[in-house]
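Engineer: Here is how the chains run, residue by residue.
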Amino acid sequence: MAKEKRDIEINSRADTLPLMGPEVRPWPVTPPPTPEWVMDNVYAKRKAQEFGKFLEDNLRLDFVFDKPEALQGLRVMCNGIWQISRMFAASLLGEQGAEVVHIEPPGGDPLRQLTPFGREEYMLMDNVAGEPCGLDFLHEFRNAKSITLNLETEDGRAIYKKMATVFDVIIEAWPPGYMDSVGLGYRHLSKLNPRLIYCWVGERGQWGPMKDEVSKHGQWILDPFSAAADSWIHNTGFPQDQCPRGKGGDPMRSGAWLPSYVCGEQAAVNIQAALYWRDGVSGEGQFIEVTAAEALMDILDFDIGWYGFNRSIKARTGAWDPNLNQYEWNPCKDGYMMIGGQTDRLWYRIGMCIERELPEFGRLIHEDPLLKEMGARNSLQGLIKTYSITTKWLRDINRIEAEQKLMEYEIAAGPVLYIDEVAEFPHFKYRPWVNTIETQFYGTVMYSESCAAFQHRTPARVKDIGRPLGHDNGEVYQKFLGIGPLKLRELKAKGVI
Amino acid sequence: MDEKELQKLKVCDIEDLPGPKSKEELEEMKMPFEEYCRKAFDPGNEFLKPEALKGIRWMSTTMYIFTPHSVANLAELGAECIKVEMPRMGDPMRQTSPFNEAYLYPLHDTRPMTGTGYGFLNANVNEYYITLDYHVPESKRVFYDLVKQSDGLTECYRHGTFDRWKQGYRYLMEMNPRFIYVWGGGFGYGPKMFGGSYDILGQAHAGLASITGTHKDMGGHATKCTNWCIDWYSGTQITCAIMAALNYRLKTGLGTMIEFSQVQAATRMCGYTAPLYGRFGIVRQRWGNWDTQLCVHGIIMTGKSDFPDRPNPQEKFEARYVMLSAFQDADFKDLCDIIRSRTSSAAIRPTRRGSAGRPRWKSIKPSRPGPRTRPAPKW
Numbered sequence: 001m002a003k004e005k006r007d008i009e010i011n012s013r014a015d016t017l018p019l020m021g022p023e024v025r026p027w028p029v030t031p032p033p034t035p036e037w038v039m040d041n042v043y044a045k046r047k048a049q050e051f052g053k054f055l056e057d058n059l060r061l062d063f064v065f066d067k068p069e070a071l072q073g074l075r076v077m078c079n080g081i082w083q084i085s086r087m088f089a090a091s092l093l094g095e096q097g098a099e100v101v102h103i104e105p106p107g108g109d110p111l112r113q114l115t116p117f118g119r120e121e122y123m124l125m126d127n128v129a130g131e132p133c134g135l136d137f138l139h140e141f142r143n144a145k146s147i148t149l150n151l152e153t154e155d156g157r158a159i160y161k162k163m164a165t166v167f168d169v170i171i172e173a174w175p176p177g178y179m180d181s182v183g184l185g186y187r188h189l190s191k192l193n194p195r196l197i198y199c200w201v202g203e204r205g206q207w208g209p210m211k212d213e214v215s216k217h218g219q220w221i222l223d224p225f226s227a228a229a230d231s232w233i234h235n236t237g238f239p240q241d242q243c244p245r246g247k248g249g250d251p252m253r254s255g256a257w258l259p260s261y262v263c264g265e266q267a268a269v270n271i272q273a274a275l276y277w278r279d280g281v282s283g284e285g286q287f288i289e290v291t292a293a294e295a296l297m298d299i300l301d302f303d304i305g306w307y308g309f310n311r312s313i314k315a316r317t318g319a320w321d322p323n324l325n326q327y328e329w330n331p332c333k334d335g336y337m338m339i340g341g342q343t344d345r346l347w348y349r350i351g352m353c354i355e356r357e358l359p360e361f362g363r364l365i366h367e368d369p370l371l372k373e374m375g376a377r378n379s380l381q382g383l384i385k386t387y388s389i390t391t392k393w394l395r396d397i398n399r400i401e402a403e404q405k406l407m408e409y410e411i412a413a414g415p416v417l418y419i420d421e422v423a424e425f426p427h428f429k430y431r432p433w434v435n436t437i438e439t440q441f442y443g444t445v446m447y448s449e450s451c452a453a454f455q456h457r458t459p460a461r462v463k464d465i466g467r468p469l470g471h472d473n474g475e476v477y478q479k480f481l482g483i484g485p486l487k488l489r490e491l492k493a494k495g496v497i
Numbered sequence: 498m499d500e501k502e503l504q505k506l507k508v509c510d511i512e513d514l515p516g517p518k519s520k521e522e523l524e525e526m527k528m529p530f531e532e533y534c535r536k537a538f539d540p541g542n543e544f545l546k547p548e549a550l551k552g553i554r555w556m557s558t559t560m561y562i563f564t565p566h567s568v569a570n571l572a573e574l575g576a577e578c579i580k581v582e583m584p585r586m587g588d589p590m591r592q593t594s595p596f597n598e599a600y601l602y603p604l605h606d607t608r609p610m611t612g613t614g615y616g617f618l619n620a621n622v623n624e625y626y627i628t629l630d631y632h633v634p635e636s637k638r639v640f641y642d643l644v645k646q647s648d649g650l651t652e653c654y655r656h657g658t659f660d661r662w663k664q665g666y667r668y669l670m671e672m673n674p675r676f677i678y679v680w681g682g683g684f685g686y687g688p689k690m691f692g693g694s695y696d697i698l699g700q701a702h703a704g705l706a707s708i709t710g711t712h713k714d715m716g717g718h719a720t721k722c723t724n725w726c727i728d729w730y731s732g733t734q735i736t737c738a739i740m741a742a743l744n745y746r747l748k749t750g751l752g753t754m755i756e757f758s759q760v761q762a763a764t765r766m767c768g769y770t771a772p773l774y775g776r777f778g779i780v781r782q783r784w785g786n787w788d789t790q791l792c793v794h795g796i797i798m799t800g801k802s803d804f805p806d807r808p809n810p811q812e813k814f815e816a817r818y819v820m821l822s823a824f825q826d827a828d829f830k831d832l833c834d835i836i837r838s839r840t841s842s843a844a845i846r847p848t849r850r851g852s853a854g855r856p857r858w859k860s861i862k863p864s865r866p867g868p869r870t871r872p873a874p875k876w
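Sequences listed follow chains A and B, in order. Going by my numbering, the first sequence opens with residue 1, and the numbers climb by one from there. Going by my numbering, the second sequence opens with residue 498, and the numbers climb by one from there.
Keep in mind the hints are simulated off the structure, nothing from the lab. Please note: incorrect hints may appear among the correct ones.
Unchecked claim - Here are some, though not all, of the chain A residues that point toward chain B, as calculated from beta-carbon distances under 10 Å:
no., residue
1, 7
2, 9
3, 137
4, 206
5, 283
6, 317
7, 346
8, 440
What the hints assert, rightly or not - Below, a list of computed lysine-lysine pairs in the BS3-like style, where the Cα atoms sit at most 27 Å apart:
no., chain 1, residue 1, chain 2, residue 2
9, B, 536, A, 191
10, B, 527, A, 162
11, A, 161, B, 527
12, B, 713, A, 247
13, A, 392, B, 713
To be verified - Okay, the calculated bits of chain B under chain A, using three or more residues with CB under 8 Å as the criterion:
no., region
14, 626-634
15, 639-653
Remember, predicted model here, so these are calculated numbers, not experimental data. For every residue, glycine included, the Cβ atom is placed at its ideal position computed from N, Cα and C.
Hey, can you work out the whole structure from these sequences and the hints?
Structural biologist: Right under this line is the structure:
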């Protein structure tokens, strides 16, 4: 509730901006449940107080900074523009304690300029130079430093070479062969630093017939080209018999930059495996290439095997799943409700819940001989019948009612939530998963917490988010190359930094 | 001149000079980049190279996709992984197959009636398969012996189940302090600790579904990203956390417990969604195949299929979408020029004043407001 009443005049969208934000409307709007409440109402119900207390005592996010970092001492250089996958890989390492330095050209990464629908008012200004920064870039720029370096100059290349000798990991995302053509590829740098782990990330690869190429004007191939290349987009979305073409019944890209994130995490896994091999076995670094297209193909369920089996090509099935029943979301009164439960145990529990209000569910679904066997329920007719009758129940109730009813039977069910609901969902803010942090340069920022933050010994952590372009030039060049302020000014004048 | 005097004449060692030292090295440096990549990665000859995680042994008491994948990633990197399934039940994924159609031929007796479902195929590669009913007292000793010989375990039971069975982290860390214990599930400790989870629940609950698909105003619905993507994606993130823990153990010899919630992982990939809401209170919507930050950059439908004669309807009717990207000025101008040159004479022909530029098959008369007897013409 507002503390006092104010008179405000709104003439344009600009007038509404200062009415929001973390100072005006702090998050969370309603406080999360207390640990005592959770103990009495959740853990106690299953007689798991002792175990619950053990988890709370050892895994809570509040204790993160009392514990060591797993990758402390690892130096990571992240060099490139455009690809968010390189930034996600770097933040996964940075959250685990690696020292991450982002190298951008003096003009900055164009990702800094991206903002939804080109709305500059949704970018955040830093408190040093007043430069606006797009939120996607900001959100992925974690625990890192920002330096600038012009690799088009001789001096810049010499500096980069020197840096490569004192770093453990380089994550690179330039078009194929660019770094190699200027004499800074893996084959050059590994001569200077044989322990170097060098990882290139991109959409479809840096070699081969469909490798990443820039257009004749220099525009990059970006997310979701990789998802377009391997049937990922082809089988996301509603089929045209559920929704007409052009109105949702089309192949659909993910709303998030999913391919880039899948690529970035795969890069982080491989870098750490290479690190393990280097430190534990061989003492040698290596060259890694991770592409979003291949990372997606690796997780394409069985689609490749199924095609080999009988030339089946997976089609779009909207919010349903051809492999599991029940396992879908369907419309309800105020949105969509997801229900899942495949094994007999869960299947009949869902039925018992719905039957209370819709007795015909039992007669039509449970007593249907074709739906008695687990595998047989997945036939298309089985899905259509089950979901038609389930939706008949759902259409008259709200998400929260459906959730409460299904939870009584301990069914894995949940509403489709929007971000405002996500941020206020009791469990999410209890841990919290969506969290706020007071950053050094951009004020208080809401962000998604690191997924590896809940650990006994070495939890991942977010210490800072975002950085003005080139803010750490002085510190980083002094620390690693001994370049002092005067020399730095000179390099800046020459356009090297 | 003897050897000693030769040494005196030498200015420096060739090893100290920059540049390639041998003919092979010279060739490697002169090779075109693509050729170098092909040589460095050497596809098809992976088995000639060492495995990064050789010697790591991992136990997998997992089901479905999410947690098994975290182990399969390790197995692909060379770890020895043991999948422990319940006798006679097995992983439910063995019973899962698209539209109940494709089952692998039963070559052994685990599922003699139908064979193994395709759902199981890809998430448990390179592993040993054993069965053990680890929750009965008789098997405890076997289970503990395995723990003492292994580096880690991934499990996916409801939180507290393993603890109740005396094989949770609290017990295992006493037996093997180097042990890395991973719990993967939906929510983790907190008010919804005992909530079950699936890939689709992660997509729904974490906000990913709300930003994927076509906006309701354009006739669309919240859309599921395909292929259990959150299961796979968060499984790899578990592997990422495991790798960090392994690297930490290399230094200190200490194991840990990782509690990983897949619902959280789905929120993590939503990019600017959280900061935009937190600062400006704006709730991100779904915008179909548009990219909200780049224009033109999206998927559009073309008039014809690439394969109109193929029998498979997926090829015959669906091979007609292209990914189009021209967001930088010069590319955008080129795109406009192409569209202009293609459309000026064919589809859009000026017919009479007032309707210049409209497609011939469309009426441009606005529908009249007020009561009507006939249904409005469909546009």
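Engineer: Let me make sure I understand: some of the numbered hints might not hold for this structure. Which ones are they, in numerical order?
Structural biologist: Violated: hints 1, 2, 5, 8, 14 and 15.
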